[in-house]
Structure formats: structure tokens, C-alpha cells
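There are 2 protein chains.
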Amino acid sequence: MKKILVLGAGHSTPYLISYLLDEAAVLGWQVTVADKNLDMAKMRIGGYSQGKALSLDINDIAMRTQLIREADIVINFLPPNFQYVVALECIQSNTHMITASYQDERMPDLDKEARRKGLLILNEMGLDPGIDHMSAMALIEKIKQRGGTVLAFRSYGSGLPAPESAANPLRYYITWNPRNVIMAGETGAQYLYKNKIKILPFHEVFQRTWNVSLEGIGKLEAYPNRDSLKYQSLFGLDKVHTMIRGTLRYPGWSETWLQIVRLGLPNEILKISDIGSYSYRDLVEMFLPLYAPGANLEHETANFLNISPTGKIMDNLKWLGLFSEDKIQTQGDTAADVLIDLLRRKLALPSTARDVVAIYHELEVGYSNRRERVVSTFIEYGDIGGYTGMAKTVGLPAAIAAKLVLTGKFKESGCLIPTNSAVYGPVLQELRGMGYAFKERSEVIG
Amino acid sequence: MKKILVLGAGHSTPYLISYLLDEAAVLGWQVTVADKNLDMAKMRIGGYSQGKALSLDINDIAMRTQLIREADIVINFLPPNFQYVVALECIQSNTHMITASYQDERMPDLDKEARRKGLLILNEMGLDPGIDHMSAMALIEKIKQRGGTVLAFRSYGSGLPAPESAANPLRYYITWNPRNVIMAGETGAQYLYKNKIKILPFHEVFQRTWNVSLEGIGKLEAYPNRDSLKYQSLFGLDKVHTMIRGTLRYPGWSETWLQIVRLGLPNEILKISDIGSYSYRDLVEMFLPLYAPGANLEHETANFLNISPTGKIMDNLKWLGLFSEDKIQTQGDTAADVLIDLLRRKLALPSTARDVVAIYHELEVGYSNRRERVVSTFIEYGDIGGYTGMAKTVGLPAAIAAKLVLTGKFKESGCLIPTNSAVYGPVLQELRGMGYAFKERSEVIG
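As you go down the protein sequences, you meet chains A and B in turn.
Numbers 79 to 524, taken from the working numbering, label the letters of the first sequence in order.
Numbers 79 to 524, taken from the working numbering, label the letters of the second sequence in order.
Simulated from the structure, these hints should not be mistaken for laboratory data.
A portion of the hints provided could be inaccurate.
Identical copies go unnamed one by one, so any copy, or any two together, can satisfy a pair.
[Stated by the list, open to error] The calculated lysine to aspartate or glutamate pairs, modelled on EDC-like cross-linking and capped at a C-alpha distance of 16 Å, are: (1) 272 to 363; (2) 297 to 148; (3) 317 to 404; (4) 396 to 333; (5) 489 to 138; (6) 114 to 187; (7) 272 to 293; (8) 424 to 189; (9) 308 to 352; (10) 517 to 150.
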């Protein structure tokens with residue numbers, strides 16, 4: 079009997095686990111879901127007899143090692159900082175691993191050993207990263223077969239409120255791990271624009287935005303998403319003058335978040351002891367260099383950041399609760415933890431609202447006699463009161479890949495992301511069969 | 079026969095290894111030095127028969143595991159990002175570990191398992207961190223025994239050129255792992271000042287400086303060193319209104335480095351492929367948002383950073399070679415790697431120069447009838463043409479601790495830093511015996 083171990087039972091896992099349990103019933107697998115929150119794990123399993131819920135402190139090395147050793151495959155939906163160590167233990171235990179997170183920069187170090195043991199360590203197997211890579215590769219491959227050369231590659235991904243649901247000042251809801259929203263951009267970003275490499279540190283990422291319009295959703299803003307350059311070789315795009323992966327938000331998000339970054343709040347390293355004894359105002363004050371007792375904190379903050387004390391950004395910071403006199407509520411002990419908790423509460427998806435996930439590829443393609451603009455769009459709405467678009471599209475690729483591994487359909491080994499047709503081909507086919515498909519159009523531009 | 083494995087053979091290891099080889103000759107130990115650069119490892123071993131030099135790619139998991147398994151103790155002088163995984167494998171292999179690096183934030187996760195197995199995983203066992211913690215604890219303990227209460231704790235550490243040797247525009251030489259100079263401040267900093275917590279993001283750290291004078295060295299500048307707050311409880315300082323750990327440089331370093339950080343160059347994540355095909359000028363241009371062909375790069379950079387195009391900071395950036403038309407020379411592929419290589423060459427310690435390491439504790443102490451200012455200073459000069467002050471003082475605490483572990487003098491287990499008198503007591507005693515001592519003075523201030 080094949081054993082699947084799912085690590086983590088958060089936002090992105092319900093559809094994934096439900097899919098695996100359905101397959102498990104047919105194929106006779108066992109699915110173990112382990113989370114520090116046992117109730118959460120139990121809820122994901124529901125009444126399925128093939129499912130088992132466990133409470134796991136991921137830092138309990140003995141239990142972690144034991145579970146990984148017993149599993150045939152681990153689907154690791156823990157926060158990204160556990161990717162490397164879980165992969166290392168999977169390789170030590172002869173267990174495959176799949177994640178939906180960006181590949182950790184240390185993962186290539188494990189590639190040789192994974193290959194030697196014939197193990198698949200597959201990362202970036204979600205929506206963005208995941209479906210975006212797979213669909214981009216399929217599109218690029220099709221263009222090459224038609225004799226075209228990709229001259230510019232722009233690709234955008236996002237999870238947003240549906241337009242009619244975008245009812246808060248930031249026009250954003252948390253539908254995935256809020257930690258990843260809070261720490262977005264932390265390692266900076268780089269991309270290629272008109273043959274020039276452009277690199278940004280964290281404190282500049284949300285300053286470098288531009289508009290993108292999506293049909294049915296409207297005018298959005300994009301900011302550069304991590305390292306676009308590394309996908310140039312991974313996607314085989316050696317002739318592009320522009321290579322940009324961007325993240326989409328409704329306009330206004332980035333100008334507000336830029337100031338939160340400049341203030342320094344997205345910090346998950348520095349721990350503040352007894353953080354619950356401070357108010358949100360106290361926390362903001364900690365990030366100001368000088369603060370004369372009696373001064374107006376809102377004005378001092380606006381002055382420090384060089385923004386209007388009465389403008390929209392300041393309104394948004396106030397609306398988020400950063401200037402509240404209430405005591406801080408958080409399970410954690412860093413300023414990032416405070417933001418996570420604030421956003422979780424202020425930006426919770428209302429039960430009457432739905433989300434939408436979107437991937438939008440925009441390519442400039444050269445043929446012998448013309449240039450074309452090729453646009454490929456994937457839009458998936460969540461179901462009000464049911465699965466979010468995010469849960470469906472982040473969880474499904476990992477689940478499908480796990481099935482393909484366990485049924486012997488994948489022969490690949492090593493530390494990979496899904497840019498290989500032997501991986502993305504069957505996964506995209508299965509997704510299409512379930513109704514998840516891209517709409518493509520092209521126009522001659524020169 | 080006891081086996082010591084030293085991982086890494088860089089700047090900070092020659093004195094450490096020499097000390098261990100001398101002890102090994104007496105006590106019949108074996109010392110293996112493993113580095114990716116075999117010649118470096120061989121040079122450290124010299125002609126000692128108790129020593130063995132090995133070439134090790136730390137990402138060769140099989141060989142790494144084998145070496146750790148065979149050792150009784152690992153002295154890990156690899157870059158800090160390997161601390162966690164080496165510690166994990168030491169615990170799996172029943173091997174003790176000592177490092178001179180700051181304790182990784184994930185280390186407490188390993189504490190339970192280390193205790194269960196009776197293993198000592200001792201971090202921050204160098205100069206700063208290391209001798210600074212141990213001497214601070216000894217001083218605080220003495221003050222408490224005298225009935226004093228520490229009201230303010232300021233502690234500074236640094237490795238600098240000796241005043242007569244500080245002959246370049248930045249008045250700094252690289253005498254330890256340059257990576258740690260380049261990435262200093264990357265996680266931000268926090269401290270307590272007059273009962274207020276102050277927190278800074280990376281892009282503000284080098285902006286928050288103040289002057290400190292050291293006898294024999296002169297006027298220096300300090301910037302806040304990482305997380306000072308966490309040492310408040312580690313040092314048992316529950317009554318302080320001010321708690322600051324700072325790093326010392328000659329004045330002018332921070333105003334220059336601040337701009338390098340604002341530009342975004344200290345980034346070790348984003349890889350630039352074929353980096354050697356670009357010039358240093360090209361690299362700087364990558365960090366500017368806009369650059370019109372033909373514009374003056376120096377002026378555009380100054381404008382972007384809002385600094386004078388003709389001032390001292392710009393002079394320093396030019397002197398470092400950032401505006402050179404030469405092709406980039408580096409073994410690596412990130413902007414941080416380029417800085418490492420530039421600093422290694424531009425800031426190399428001349429053979430006729432010597433360095434100095436300094437630790438300076440400045441405490442305000444309350445007694446029932448008075449307040450005192452207590453100052454404790456440790457200054458150690460390097461030997462021209464011999465060991466640097468840095469190599470002596472960073473390597474020795476780890477070496478002494480290793481000896482104490484192997485000779486059964488330490489009974490402690492778990493993931494520790496040396497704030498425990500059972501650890502710092504014998505180490506300071508041995509250091510004093512070798513002539514490494516603090517000078518202390520105090521004055522009544524109220």
C-alpha cells in the first residue's frame with residue numbers, strides 16, 4: 079500500500095487533500111496529514127477511512143524522520159524555510175517530495191544525491207509558481223514548433239478578490255499563507271528589460287510597478303516577482319530582450335506596502351519579547367528613529383516615510399490598525415507575526431465573497447515574416463462558501479504530480495521544477511480534463 | 079584516539095588549528111581539516127603528523143556525513159548558512175559541534191534532541207560573538223556579587239586596522255570572512271534605548287551611528303549590531319534602560335556602506351549569469367531604475383541615492399572600483415560576490431600593517447548609595463607578518479572549548495552560547511593564562 083504524507087494543513091491544502099483521498103479510495107493508498115494543529119488536520123481528512131490526521135511539531139526530529147521514512151512520497155506544504163531540511167531527510171529516507179513553494183537556493187546541492195537514489199524532489203508545483211511555469215513551457219514549445227522565436231516574455235500571476243468582492247481599502251484578501259504575502263520581495267527582485275538587467279533590493283521592489291489590464295478583472299498593477307532572470311535559461315529563452323515575471327494586485331496595494339517595507343515591519347528574524355504587552359502604536363514607534371514624548375505618532379511616521387500625513391497611504395496604514403492603541407494580538411513574537419495576524423483579520427475573505435486567481439502570459443514572438451503578440455490567460459474563480467480559486471489551483475498540481483509518481487508515470491529524478499515536458503505534459507493534460515485551461519489569442523504587431 | 083574535524087580553513091582558522099595540533103601532539107588526538115580548497119587545508123596543517131588535510135565539497139552529503147560520523151567533535155568554521163544542517167547531522171551522528179558564528183534562529187529547534195543525546199552544540203564561541211559574551215557575563219556576575227544592579231549595558235566589538243595602519247580611504251581591512259562584512263546588518267537590528275525598543279531594517283542600520291572613543295585607537299563610530307534585545311534575558315539584565323551591542327569602525331565607513339546597501343549590492347540570493355561579461359559600471363547600472371544611454375552614470379547614481387556627486391562618499395565608491403570599466407572578477411555570481419572580491423583586493427591587509435581587535439563594555443551600575451560607570455576593555459594587536467589579532471581571538475575560544483569537551487571538563491549539553499559560568503569560567507581562565515585579559519576601571523557618576 080502506497081503511503082502519502084502531507085505536511086501542513088493550511089489554506090492551500092483542502093482541495094489537494096480531498097483529491098488525494100478520492101484517489102486513495104480507488105487506488106488503495108493511505109494519506110496521512112500532519113500539522114501542528116491536529117483539529118485542522120482532522121478537518122481536512124473528514125470521514126475518509128484512507129485518511130489519518132496527526133499532530134506534528136515539525137521540530138520533533140525523531141517523529142519527523144519516522145513519518146518521512148514510512149512514506150513513499152511527502153507533499154510538503156510547510157512554510158518555505160522547511161523545504162531544504164525536509165528534502166534532505168526525504169533523500170536520506172528514500173522518499174519522494176513535492177512542494178508548491180519556490181525552490182530554495184540550497185536545493186541544487188541535493189540534486190546529485192537525489193538522482194543517485196532515483197528520487198524526485200519536485201518544487202514550484204502549485205499555481206504561481208507551478209501552473210504558470212507549465213503553461214509557459216507548453217506555450218513556448220508550441221511557438222518553437224511553429225518556427226517562432228520568443229523576443230519578450232512577460233508573465234503575471236496573482237490571487238485576488240473577484241472584482242465585485244474587492245471591498246476593502248487595499249482591495250486584497252488573504253487566501254494563502256499570509257507569511258508569503260508579508261515577506262514578498264524580501265530577497266529583492268531582478269528582471270531583463272530591453273536587454274538591460276535590472277535589480278532591486280527589498281526596499282525598492284514595491285516602488286517599481288506598472289499597469290496591466292486583465293479582461294473581466296480590469297486595471298491592475300504589477301510588481302517584479304523575485305528572480306525573473308533564472309527562468310530565462312530554464313525556459314530556454316536565449317533570444318529575449320525582456321524577461322519579466324510579475325505579481326498582480328489592484329492598484330494602490332504597492333504604494334501602501336512599500337511604506338510598510340520602508341518602515342521595516344516585514345522582519346521575521348528579530349523577536350520582541352512580551353510583544354503582547356505593547357500596542358500597535360508602540361510597535362510603529364519602535365521603527366521610528368526619534369520620537370519625542372507627546373509628538374503625534376501619525377505625523378512623525380508620515381514625516382519619516384516622506385508621505386502625506388492625510389493621504390490615501392496613511393489612511394490605509396490606519397485602516398490596517400497600525401496606529402491602534404489596542405494591545406497586539408499574535409501567536410508569534412516578531413513584527414512580521416504582528417502583520418500576519420493583522421492581515422489575517424483585516425483581510426479575511428468574507429463568506430459572501432469569492433477570490434479569483436489569474437495567470438497572464440504576454441509574449442512577443444518573431445517569425446521570418448512578422449512579429450506577433452501572443453497572450454495566454456488562465457482565470458479561475460473561487461466558489462462562494464466552497465473552495466477558493468487559490469486552494470483549487472495551488473493544491474491540484476502537487477496532487478496530480480503525486481498520483482503520477484505513485485502510479486509510475488513519472489520516470490524523472492533529481493531536484494526539479496516542472497519545466498520538463500515529461501512532467502508538465504501529463505499534469506497539464508489532467509488539469510485540462512478537469513476544466514482548467516488557458517485561453518490564447520495572438521495578433522500581428524509588425 | 080579522539081578525532082577533531084575542523085570544517086573550513088579560512089581567515090579565522092590558522093591560530094585555532096595550530097593550537098589544536100599542539101594539543102593533539104600532547105594528548106594523542108587526530109585533527110582533520112576539511113576545506114573545498116585542499117591547498118588551504120594543507121597549509122593550515124603544515125608538517126604536523128597528527129593533522130590531516132582533506133578536500134571537501136560541503137554539499138557532498140555522503141562524504142560530509144561520513145566525516146561527521148567519524149569525529150568526536152566538529153569545529154565548524156563554514157559560512158553561517160551551513161550551521162543548522164551541520165548541527166543536525168552532528169546530532170544524528172552523536173558528535174559535538176562548536177562554531178564561532180551567531181546562533182542560527184533555527185538552532186533552538188535542535189536543543190531538545192541535543193540534550194537527549196548529551197551533546198554540546200556550542201555557538202557564538204569566537205571573539206564577537208564569543209569573548210564579548212563571556213567577559214560581559216563575568217563582569218555582570220561580579221557586579222551582582224558586589225550588590226550592584228546593571229542599569230545600562232553598552233558593548234562594542236570590532237576588528238580594525240591598527241591606527242597607524244589604517245591607510246586606505248575606508249580605513250578598514252578584511253581580516254575575517256569578507257562575506258560577513260558584506261552582509262552585515264542584513265536582518266536589521268534592534269536595541270533598547272532609554273526604555274524604548276528601537277528596530278531598524280537593513281536599509282537603515284548604517285544610518286543609525288554614534289561616536290565611541292577607545293584609548294590608544296581614537297574616535298570611532300558604532301552601528302547597532304543585530305539583535306541586542308535577546309541578550310537582555312540571556313545576560314539576566316532585567317533592570318536595564320539601555321541595552322546596545324554595537325560594531326565599531328573608523329568614522330566614514332558607515333556613511334559609505336549605507337549607500338551600498340541602499341543601492342542594493344549586498345544581495346547573495348539573486349544570481350547574475352555570466353557575470354564576468356559585465357563591467358563594474360554595468361553592475362551599478364543594473365541597480366538604477368532608469369538609465370538613459372549616454373547619461374553620466376556617476377551623476378545618475380548620486381542622484382538616485384541623493385548624495386553629492388563630488389563628495390567623500392562618492393569618492394569612496396569610486397575608489398572601491400564600483401565605477402570601473404574593467405570586467406568583473408569573481409568566483410561567484412551575485413552582486414554580494416562581486417563586493418567580496420572587490421573588498422578582498424582593495425582592503426587586503428598589507429604585509430607591513432597590523433590589525434587590532436577590540437571589545438569595549440560600558441555599563442551603568444546602580445548601588446544602594448551611588449551609581450557607577452564601569453568600563454572594561456580588551457585590545458589585542460596582530461603581529462606584523464604573523465597571526466592577525468582576529469585569527470588569534472576568533473579561533474582560540476573555539477579551540478579551548480574543544481579541548482575542554484574532549485578532556486571531559488564540560489558537562490553541559492544542548493544548543494548553547496557561552497553565557498553559562500560552567501562554560502565561560504574555564505575558557506576565560508585559560509585565555510587569561512595565555513595573556514588575553516580585560517582592563518577594567520570604574521568611576522562614580524551620581
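Hint check:
In this assembly of identical chains, residue 272 and residue 363 lie within 16 Å of each other by CA distance solely across copies; the values are 14 Å between and 42 Å within a copy. Taking CA atoms no more than 16 Å apart as the test, residue 297 paired with residue 148 passes in neither setting, with 49 Å inside one copy and 62 Å between copies. Taking the shortest Cα distances, residue 317 and residue 404 never come within 16 Å of each other, neither inside one copy (55 Å) nor across copies (26 Å). With identical chains, the CA atoms of residue 396 and residue 333 are at most 16 Å apart within one copy only, with a shortest distance of 14 Å there and 33 Å across copies.
Taking CA atoms no more than 16 Å apart as the test, residue 489 paired with residue 138 passes in neither setting, with 32 Å inside one copy and 24 Å between copies. Taking CA atoms no more than 16 Å apart as the test, residue 114 paired with residue 187 passes between copies only; the shortest distance there is 14 Å, against 29 Å inside one copy. Within a single copy, residue 272 and residue 293 get their C-alpha atoms no closer than 26 Å, and across copies no closer than 55 Å, so neither meets the 16 Å cut-off. With identical chains, the CA atoms of residue 424 and residue 189 are never at most 16 Å apart, being 41 Å at best within one copy and 36 Å at best between copies.
Only between protomers do residue 308 and residue 352 lie at most 16 Å apart by alpha-carbon distance; the minimum there is 12 Å, versus 41 Å within a single protomer. Taking the closest pair of Cα atoms, residue 517 and residue 150 never come within 16 Å of each other, the shortest separation being 36 Å inside a single copy and 61 Å across copies.
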